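S.K.: Using the sequences and the hints, build the whole thing.
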Amino acid sequence: MLIKTKKDIPSSEITPESVYRNRRQFLKDSANIAFGAATGSVLAGPVSAQTGDALFARAPVDINLASKPEWLVEKAANRTDAPATGPYNTDEELTPFSDVTTYNNFYEFGTGKGDPSSNASEFRIEPWTVEVAGECAKPGIYALEDILRPHTFEERIYRMRCVEAWSMVVPWIGFSLGDLLKRFEPNGNANFVAFETLVDRGQMPAQRSRFATIDWPYQEGLRMDEAMHPLTIMATGLYDDILPAQNGAPLRLVVPWKYGFKNIKSIVKIEFTRSMPNNTWNDLQPSEYGFYANVNPEVSHPRWSQATERRLPSSLFMPRRIETKMFNGYADEVASLYAGMDLRRNY
Amino acid sequence: MVKVIAKPVVFLLCLLPAAYLAYGVYLAFSGGEDLLGPDPAQYLALETGEWAIRFLIASLAITPLRFLLNMPSLFRLRRMIGVYAYFYVCLHLLVFLWFLLGWQWDNIGREIAERPYITIGFSSFVLLTPLAATSFNVAQRKLGRKWKTLHRLTYACVILAVLHVVWIVRSSYFDAVLYGGLALVFLGYRVLRHYSESVRKYAIFG
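If you read the sequences in order, they're chains A and B.
If you're matching positions, the first sequence starts at 1 in the numbering used here and goes up one per residue.
If you're matching positions, the second sequence starts at 1 in the numbering used here and goes up one per residue.
Please note that the accuracy of each hint is not assured.
What the hints assert, rightly or not - Calculated cross-link-like contacts (lysine to any residue; reagent style SDA-like; alpha-carbon spacing at most 25 Å):
id	chain 1	residue 1	chain 2	residue 2
1	A	LYS325	B	TRP105
2	A	LYS325	B	ASP106
3	A	LYS325	B	LYS148
4	A	LYS325	B	LEU100
5	A	LYS325	B	GLN104
6	B	LYS148	B	VAL25
Said to hold, decoys possible - FRET-style restraints, in silico, Cβ to Cβ:
id	chain 1	residue 1	chain 2	residue 2	range
7	B	GLY102	A	ALA335	27 to 37 Å
8	B	CYS90	A	ARG274	25 to 35 Å
9	B	VAL138	A	ARG201	55 to 65 Å
10	A	ASP283	B	CYS90	33 to 43 Å
11	B	CYS90	A	PHE211	22 to 32 Å
12	B	LEU94	A	SER118	22 to 32 Å
13	B	VAL166	A	ALA307	19 to 29 Å
14	A	LYS138	B	LEU94	50 to 60 Å
15	B	ALA22	A	ALA66	33 to 43 Å
16	B	ARG145	A	PHE211	38 to 48 Å
These aren't lab readings, by the way, just hints derived from the structure by calculation.
The model shown is predicted, which means the values in this text are computed figures rather than measured ones.
We treat Cβ as the ideally placed atom computed from N, Cα and C, and that holds for glycine.
M.R.: What follows is the structure, encoded as structure tokens:
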């Protein structure tokens, strides 16, 4: 194997939150200036904020996707900002867009952290359908647009803790999973909800590999009360844009108090089930990965400690090693879901 | 001419990966361009580890290749490859202790004792140490016949290193199959050769 060359932006270029917060304004302003300059009237005409927003929404941001559905880009651009305080936001430094999108696991696209961003450049999300099945009144095959139409997108700034002991802070765009699930009218037998990722050997090179340990499709599941919890979202974007392919376009789960592998990507199936569904990593290595996968500094992974994490981007000489918090810092919100459960056994 | 320059050329080639990583570390230290990515410690640990196992397997490949390709000159590279393997193993351990564990000694002891794949990897390093220490001409001459016996420890080191790799398999068997397969081929060659030689001896005396 050759030495990997890194083409990403230096991780030292951390986006300060104030800059990121001001980016939309900046884009508006620069759109105005560009527009003004083009018409030779920088000072003359007031260019409406509308123009700025419209330009912003259609800005050709180069992310990994064969095509970007206009309506989805617009929905993402019109999302509401995260509230200033509370669990939907954090004052921790955001992980830069370049790191969130070039350093992650999406095993359908390869095993290396850079493989998903390298191998997913022409990923197609048009057309996209989601099959809804199982214990509910409205099963069926839904077009992505029908799935998303009634929901207003919100920004949620969450910590993301990988089971491999690194973590990020990501400004997601998405909406409450509970609001989505209610639309399918789950019945009294729906104790769990199961999800599946797309299987497409043409587009996902690792699904063709003879060496893959994973039995595709990638599967995940939640207990119904976890799925309905207000912190749990169906994410459709990150930063100011829709999801790039490598981050799970067009639709992925984000459950911030659980290890990252629960956050199943590129979802094509949602099924309400009576009994606990399979989840891929638990199938592969039950002693290492449980169904619950709640972030828990006291329960080590058999091969490494979970007591601390490397907050990315980290640096060699000033490593950002921080203490891992119970339920990834969301204990106030979710600890009650697990009252009376032995979290050592139900890891 | 080839004979004269082969060694220094191979020496420099083997140094390249380390030089690249060292340059990355230097840039990280001086705040320059970022070659190592957002999780540099992990990246360095993976890269040094990959190169360590590659050199270990390569050192095992020299003897079979020398006979199969009928290239006695390959022997002149064997020691260098072997010492490079130890060099990359040391870098791998250094990265682990320094950048991943931050020299927290109580943690280091616990990690080595409690995590079997680290125990195994560390044993491989320990067993390689006397081999590297006796890789000089003087040591070779002093030890005589014992040198060869001692250096058969390489086989154990490679097996431990492959187990270390197999143990960290997550989503793909590729590395485990590749390095395990190569180790099996090169060790198997020795077993077969040993066996066929004893058969020949019997043929002569029988």
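S.K.: Now tell me, hint by hint, if it's right for this structure.
M.R.: Status of the hints after comparison with the structure:
1. For the proposed pair LYS325(A) and TRP105(B), the alpha carbon gap of about 23 Å is at most 25 Å, so the pair holds.
2. Taking the CA atoms of LYS325(A) and ASP106(B), the gap is about 22 Å. The hint holds against a cut of 25 Å.
3. Of the supplied pair hints, the one linking LYS325(A) and LYS148(B) is violated, its CA atoms being roughly 53 Å apart against a limit of 25 Å.
4. With a CA separation close to 20 Å, the supplied pair LYS325(A) and LEU100(B) stays within the 25 Å bound.
5. At most 25 Å may separate the alpha-carbon atoms for a hinted pair to count; LYS325(A) and GLN104(B) meet this at roughly 21 Å.
6. In summary, the hint linking LYS148(B) to VAL25(B) is not supported, as the alpha carbons are separated by about 38 Å, beyond the 25 Å threshold.
7. The hint said 27 to 37 Å for the Cβ distance between GLY102(B) and ALA335(A), and at roughly 31 Å that hint holds.
8. Checked against the hint of 25 to 35 Å, the pair CYS90(B) and ARG274(A) fails, with Cβ atoms roughly 55 Å apart.
9. Range check, VAL138(B) to ARG201(A): Cβ separation about 59 Å, and the 55 to 65 Å hint holds.
10. One distance hint, 33 to 43 Å for the beta-carbon pair ASP283(A) and CYS90(B), holds here, with the actual separation near 38 Å.
11. Take CYS90(B) and PHE211(A): their Cβ atoms lie about 29 Å apart, and the range 22 to 32 Å holds.
12. Taking the beta carbon of each, LEU94(B) and SER118(A) are about 29 Å apart, inside 22 to 32 Å as hinted.
13. A hinted range of 19 to 29 Å holds for the C-beta pair VAL166(B) and ALA307(A), which are about 26 Å apart.
14. The beta-carbon spacing between LYS138(A) and LEU94(B), approximately 59 Å, falls within the hinted interval of 50 to 60 Å.
15. Taken as a hint, the range 33 to 43 Å holds for the pair ALA22(B) and ALA66(A), whose Cβ atoms sit roughly 40 Å apart.
16. A beta carbon spacing of about 43 Å between ARG145(B) and PHE211(A) agrees with the range 38 to 48 Å that was offered as a hint.
In terms of the numbered hints stated before, the structure departs from hints 3, 6 and 8, listed from lowest to highest.
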